[in-house]
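Novice: Residue numbers (the numbering used here), protein chains in the order written: chain L, 1 to 403; chain R, 1 to 140.
It is worth saying that the hints were derived from the structure and are not from the lab. Even for Gly, the Cβ is constructed at its ideal location relative to N, Cα and C. You may find that some hints are simply not true.
DEER-style ranges, computed between Cβ atoms [unchecked claim]:
| # | chain 1 | residue 1 | chain 2 | residue 2 | range |
| --- | --- | --- | --- | --- | --- |
| 1 | L | S127 | R | C138 | 29 to 37 angstroms |
| 2 | L | W43 | R | R29 | 52 to 60 angstroms |
| 3 | L | E104 | R | E73 | 45 to 53 angstroms |
| 4 | L | R231 | R | C31 | 27 to 35 angstroms |
| 5 | L | F57 | R | P48 | 32 to 40 angstroms |
| 6 | L | G280 | R | C31 | 36 to 44 angstroms |
| 7 | L | R165 | R | P76 | 40 to 48 angstroms |
| 8 | L | R71 | R | P76 | 25 to 33 angstroms |
| 9 | L | S320 | R | L109 | 27 to 35 angstroms |
| 10 | R | L109 | L | E189 | 34 to 42 angstroms |
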Amino acid sequence: MTETYVVGVGMHPFGRFPDKTVPQLARDAIWAAIEDAGVDPRWIDAAYVANCYNGFFTGQGDAIAPMVFGRAGLSGMPMIHVEGGGAAGSVAFHQAVLAVMSGEYRLALAVGVEKIYVPGNPAISISAIGTSGEQTTATRLGLTWIGDLTMSARRLMGRYGWTARDFATVAAKNRRHGVHNPESEIRQEMSVEEVLAARMVAPPLTRPMCAGAAVDGASAVLIADRETSARIGAGRHPRVAGMGVVGARYISNRVTDERPGMLSMDEAGRSFAKAYEKAGLGPEDVDLAQVHDSVAPEELLSYQVMGLCAPGEEAALLRSGATALGGRVPVNTDGGLIARGHPISASGVAQVVETTRQLRGSAGPRQVEYDGRAPRVGAIQNAGAQGGPAAGVAVSAAFLLQA
Amino acid sequence: MADVTDPIEDLVAEVPGSTRCVLAGSRCRRCKEVLFPAMRDCPVCLEPDVMEGYQLAGHGTISDYVVAERGPEGFPVPYVQAWLKLDDGPVVFSIIETPDPRSPEHLTLGSPATMVRRRFGADGSAFTGWKFVPDSLCHD
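Can you make the complete structure from the sequences, with help from the hints?
Specialist: Below you can see the structure in the form of structure tokens.
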């Protein structure tokens with residue numbers, strides 16, 4: 001097993017691009033990553049692309065990998081398509097790292113690309129995203145993603161003392177971070193009061209507390225083994241120090257009456273235990289984190305499952321400013337899903353892009369610094385695709401990158 | 001054996017001579033786990049073909065709920081989304097029927113509610129599913 005490094009990153013900005021196709025979005029991110037790495041693209045010997053809804057929108061549900069990589073001009077390597085809802089990008093990254101780690105490949109490309117925005121038809125975007133959960137009786141009888149997440153959030157408010165103001169504080173913080181990210185969907189600040197006063201989606205969640213998913217975008221990273229990494233570029237390349245990728249388990253309804261804490265975070269504790277052990281690191285080593293804030297309460301719970309605080313201390317950690325830029329352990333430094341936008345498959349790879357930029361010290365005005373140095377350890381949390389009797393996520397991912 | 005993609009019509013039935021409903025679930029012959037929606041293979045003992053049809057009583061308690069101010073097509077807002085713990089074990093999703101969805105009066109966590117058959121969807125794609133009514137609103 002060889003060590004693996006992130007040697008190149010690239011993005012197509014997240015936002016609304018009705019005139020662009022999936023391959024057009026992807027090629028911008030792919031070539032940005034190749035140029036960032038300063039690598040000969042002929043060296044790429046495996047390519048993975050995450051995409052969830054091209055089949056839904058265009059009928060082309062298979063052969064997405066040759067379409068995406070081929071139209072970017074690449075050929076000769078195996079081209080592999082993966083899915084997994086909000087975690088699809090993490091699946092592509094995980095597979096690319098495993099491919100290189102195994103010694104079978106030396107330089108692998110992982111891409112996440114999604115096109116969801118349809119002018120004048122928000123309902124079809126909601127329908128597309130709905131397919132990332134298994135179509136069960138529940139969805140036919142009126143259950144929605146936001147409804148389900150809000151039910152969990154309401155229960156956890158009672159358990160941990162979270163308030164609607166805390167959710168608004170997360171949203172305002174991430175929007176403030178997004179202002180400094182030119183690739184972010186939303187770049188306007190909003191005060192806590194404005195977030196609280198915005199249109200209600202499902203009490204107590206207002207619209208700005210939820211990530212926009214009618215969004216297009218693409219992200220790409222290049223993974224290399226130690227020898228290839230040493231040949232590429234002059235900068236330091238963050239190492240993939242630990243990974244923990246697991247799936248939800250069915251728990252008998254005779255064992256527990258309790259529904260899970262929050263879909264995206266339920267298995268994150270297991271994921272991080274594995275990643276920390278592999279990396280020989282602990283929560284105290286984490287300098288910054290990118291987490292799955294499709295709704296603001298998920299970010300609060302992420303503090304606990306990553307081990308940044310004890311159960312019940314999430315709101316206190318947030319209120320102290322520790323998780324904002326300038327704080328002890330900034331979370332969602334690029335705006336997170338709430339501001340950067342959530343083009344489903346592109347989100348997971350974008351988390352790796354942001355973490356890499358931060359660890360290299362190349363994140364521009366949102367650069368995290370400790371005593372004048374760039375951060376050393378970045379944590380990433382992501383999860384997605386729901387179904388089966390476990391009624392949990394198919395993929396829960398935790399990654400630790402180390403400079 | 002029903003699968004999750006089977007028509008909802010086949011899953012809920014009224015008990016003859018009463019307004020009570022039963023739901024078509026399944027039970028493992030080995031470990032006795034009761035599941036809804038019905039399965040063939042048991043996720044607890046991980047044995048194939050061990051589950052048999054099992055009727056679940058349409059009654060349970062409210063585990064979680066939320067007032068949806070936005071919903072998919074065909075679901076006029078506001079409406080109450082909820083997870084209910086059935087008396088037989090499994091947790092099912094349902095809309096809760098109350099006179100005023102925004103009023104929490106009948107929406108108490110842990111309070112009992114009863115399943116009723118209701119029509120869903122528009123002409124052509126209409127089907128019979130279920131909702132739950134808080135027992136505090138039932139008069140029979």
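Novice: Name the hints, by number, that the structure is in violation of.
Specialist: 4, 7 and 8
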